[in-house]
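Engineer: Here's the letter readout for the chains.
There are 2 protein chains.
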Amino acid sequence: MPDTDGTSRPGDFQAWSREVAGRVESALAELLPASKIAPARLHDAMRYSTLGGGKRVRAMLVFGAGEVTEADPDRLKVAAAAVEMIHAYSLIHDDLPCMDDDVLRRGKPTCHVEFDEATALLAGDGLQSLAFQLLAEYRLAERPDVQLKMIQLCATACGSRGMAGGQAIDLDAVGKSLTLPELEYMHSLKTGALIRASVLLGAHCGAPLPQSDLDHLDRYAKYVGLAFQVVDDILDEEGDAAALGKTVGKDKASGKPTYTSLMGLAPAKRFAGELLADAEEALAGFGERAARLREIAGFIVHRRR
Amino acid sequence: MPDTDGTSRPGDFQAWSREVAGRVESALAELLPASKIAPARLHDAMRYSTLGGGKRVRAMLVFGAGEVTEADPDRLKVAAAAVEMIHAYSLIHDDLPCMDDDVLRRGKPTCHVEFDEATALLAGDGLQSLAFQLLAEYRLAERPDVQLKMIQLCATACGSRGMAGGQAIDLDAVGKSLTLPELEYMHSLKTGALIRASVLLGAHCGAPLPQSDLDHLDRYAKYVGLAFQVVDDILDEEGDAAALGKTVGKDKASGKPTYTSLMGLAPAKRFAGELLADAEEALAGFGERAARLREIAGFIVHRRR
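Going down the list, the sequences are from chains H and L. Throughout, my numbering is defined as the position within the first sequence, counted from one, plus 108. Throughout, my numbering is defined as the position within the second sequence, counted from one, plus 108.
Calculated from the structure, these hints are not laboratory results. None of the values given here were measured: they were computed from a predicted structure. Beta carbons are placed, not taken as given, at the ideal position from N, Cα and C, and that holds for glycine. Just so you know, not all the hints are guaranteed correct.
What the hints assert, rightly or not - What follows is a list of derived Cβ distance ranges for each label pair:
| no. | chain 1 | residue 1 | chain 2 | residue 2 | range |
| --- | --- | --- | --- | --- | --- |
| 1 | L | Glu-382 | H | Gly-130 | 29 to 39 Å |
| 2 | L | Ala-142 | H | Leu-322 | 20 to 30 Å |
| 3 | H | Leu-322 | L | Ser-320 | 40 to 50 Å |
| 4 | L | Arg-247 | H | Val-282 | 38 to 48 Å |
| 5 | H | Glu-396 | L | Glu-127 | 54 to 64 Å |
| 6 | H | Leu-322 | L | Leu-322 | 30 to 40 Å |
| 7 | L | His-410 | H | Ser-320 | 57 to 67 Å |
| 8 | H | Ala-315 | L | Glu-382 | 55 to 65 Å |
| 9 | H | Val-282 | L | Leu-159 | 24 to 34 Å |
| 10 | L | Asp-323 | H | Glu-389 | 50 to 60 Å |
| 11 | H | Asp-326 | L | Ala-142 | 24 to 34 Å |
As the list claims (entries may be wrong) - Dumping the calculated DSS-like pairs for lysine-lysine here, alpha-carbon to alpha-carbon at most 25 Å:
| no. | chain 1 | residue 1 | chain 2 | residue 2 |
| --- | --- | --- | --- | --- |
| 12 | L | Lys-330 | L | Lys-257 |
| 13 | H | Lys-284 | H | Lys-377 |
| 14 | L | Lys-257 | H | Lys-257 |
| 15 | H | Lys-163 | H | Lys-377 |
| 16 | L | Lys-284 | L | Lys-377 |
| 17 | L | Lys-284 | H | Lys-144 |
| 18 | H | Lys-330 | H | Lys-377 |
| 19 | L | Lys-330 | L | Lys-377 |
| 20 | L | Lys-144 | H | Lys-284 |
Stated by the list, open to error - Pulled from the structure, derived: some chain L residues nowhere near chain H, Cβ distances all over 12 Å:
| no. | residue |
| --- | --- |
| 21 | Asp-326 |
| 22 | Lys-330 |
| 23 | Thr-366 |
| 24 | Ala-385 |
| 25 | His-410 |
| 26 | Arg-413 |
Using the sequences plus the hints, can you model the full thing?
Structural biologist: Here it is in structure tokens:
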């Protein structure tokens, strides 16, 4: 998905996304407590579930939004690591037996299978704390009050009116028939909130933007977050476990409502395309500065895993 | 435990602690999402486990330390509410079947018994997020960089090298024989870290203190945190369930090492007395400003529940 004005070369996005993945991986490896630090088993589990896997979509969004405000990459990598820690914590807890009871994640046994339930629970808890510690410890914005704002929006995105709340609604929806607006509301919390926080965190790492520009970025993030989930459902319906690295067809089998079950496969694909167009439209005023964000949106919609 | 110069009247501490408990209770009731806000069951669970119970020792320490720096009570109540939310989250997760598997807490069924395991897990997760949200959202210090420092120290206290790490070590210790230094290390993380954070948070809400004074307060908090745990073990050995509001004798029955099992009951009581003296000594330079902190230390050691 090359951008439209020709300065970003086709194929270039793949190299960029690999570079971002490499940067956030090394930041995570450095910022997570070493396995030899006590309690070693807990730190092993935190590293096991955070390092070496995942698409790093949230990290890409942090770096992509950081390009809009010409943010320092050293700030972006800390913000991206924090967001990826929060994402990893949510996956560990989601996979627990009392939640989705999943045994496979990113092609590896889930944390509670590899370690044990108590360690998995605490690894998730510790990752959430560490994310906020990093967001407060490193200098991430021009002004400390902006950084407080960043922590506030990230915490809100994680909480009971964000990610954790979306997970609660999701669990409650098993076996029920949701309407499309109800499904959209659930996903806007469960995955959408952290995706929006990722974009805004990245932008706040750089030069201040007028509120109207922040609103455009947030609108972009909203469409991208929604598209991410629609495509997830399409891949879950069509994909194979080897490519996805997780159990396939599970949502359908467990009676969880999905976009494909509610809309049908072809309309869900059309919907993803519309959301991509909406996301690109939200970036219209940013020109070349938003080239990476455009590419990320294209990647999210056209990915195969 | 009246203070030594006579300006604080005997009996006065009880009224003060009731006032603090009332303030933090109303702050929590206001700052926790209302039960009618979706997802309602999750918000019910968060309120159930945070409101209406507990000794509010951490809130008292926030307010007591705030008196040292003449901090605004409106700031202290937000900081105290955040700390009590973190404490409540840790209790919810500790009580889960994969952890201590407890059914009684503060005289009520534990969160996963009253609701369900998934809701309890998410309620804990959401409380941790909300605590950091509040610490970032409200103005709590003279300068925003001080407030970032407060968030950093609170997050560190919660994390894998603090409270969550202590819980991991505690679980790992079941059925093992720990030495006294190992037991002390475990408790310094499991309960000590958040108690120390409570004192420093309260102090940072007010006028800046020189580092040496912060070090004295931290030393006070270290002794008080240790004393708190020693007395907990004594009460668990001697107490009855009705007064404590939780299952009694359980640590002993489950083979968890305790101060009383390692030292014996009478030496543990002497040790608690020594820790109280050490805590008071750490406050020697503060005069009347630390009267409440002295009283809290006395309360922690002489409490019956």
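Engineer: Next step is simple, just say for each hint if it's right about the structure.
Structural biologist: Verification of the supplied hints:
| no. | hint | result |
| --- | --- | --- |
| 1 | L:Glu-382 x H:Gly-130: 29 to 39 Å | violated (54 Å) |
| 2 | L:Ala-142 x H:Leu-322: 20 to 30 Å | holds (28 Å) |
| 3 | H:Leu-322 x L:Ser-320: 40 to 50 Å | holds (43 Å) |
| 4 | L:Arg-247 x H:Val-282: 38 to 48 Å | holds (42 Å) |
| 5 | H:Glu-396 x L:Glu-127: 54 to 64 Å | holds (60 Å) |
| 6 | H:Leu-322 x L:Leu-322: 30 to 40 Å | holds (37 Å) |
| 7 | L:His-410 x H:Ser-320: 57 to 67 Å | holds (60 Å) |
| 8 | H:Ala-315 x L:Glu-382: 55 to 65 Å | holds (56 Å) |
| 9 | H:Val-282 x L:Leu-159: 24 to 34 Å | holds (29 Å) |
| 10 | L:Asp-323 x H:Glu-389: 50 to 60 Å | holds (56 Å) |
| 11 | H:Asp-326 x L:Ala-142: 24 to 34 Å | holds (25 Å) |
| 12 | L:Lys-330 x L:Lys-257 | holds (19 Å) |
| 13 | H:Lys-284 x H:Lys-377 | holds (23 Å) |
| 14 | L:Lys-257 x H:Lys-257 | holds (14 Å) |
| 15 | H:Lys-163 x H:Lys-377 | holds (21 Å) |
| 16 | L:Lys-284 x L:Lys-377 | holds (23 Å) |
| 17 | L:Lys-284 x H:Lys-144 | holds (21 Å) |
| 18 | H:Lys-330 x H:Lys-377 | holds (18 Å) |
| 19 | L:Lys-330 x L:Lys-377 | holds (18 Å) |
| 20 | L:Lys-144 x H:Lys-284 | holds (21 Å) |
| 21 | Asp-326 | holds (18 Å) |
| 22 | Lys-330 | holds (19 Å) |
| 23 | Thr-366 | holds (19 Å) |
| 24 | Ala-385 | holds (30 Å) |
| 25 | His-410 | holds (32 Å) |
| 26 | Arg-413 | holds (27 Å) |
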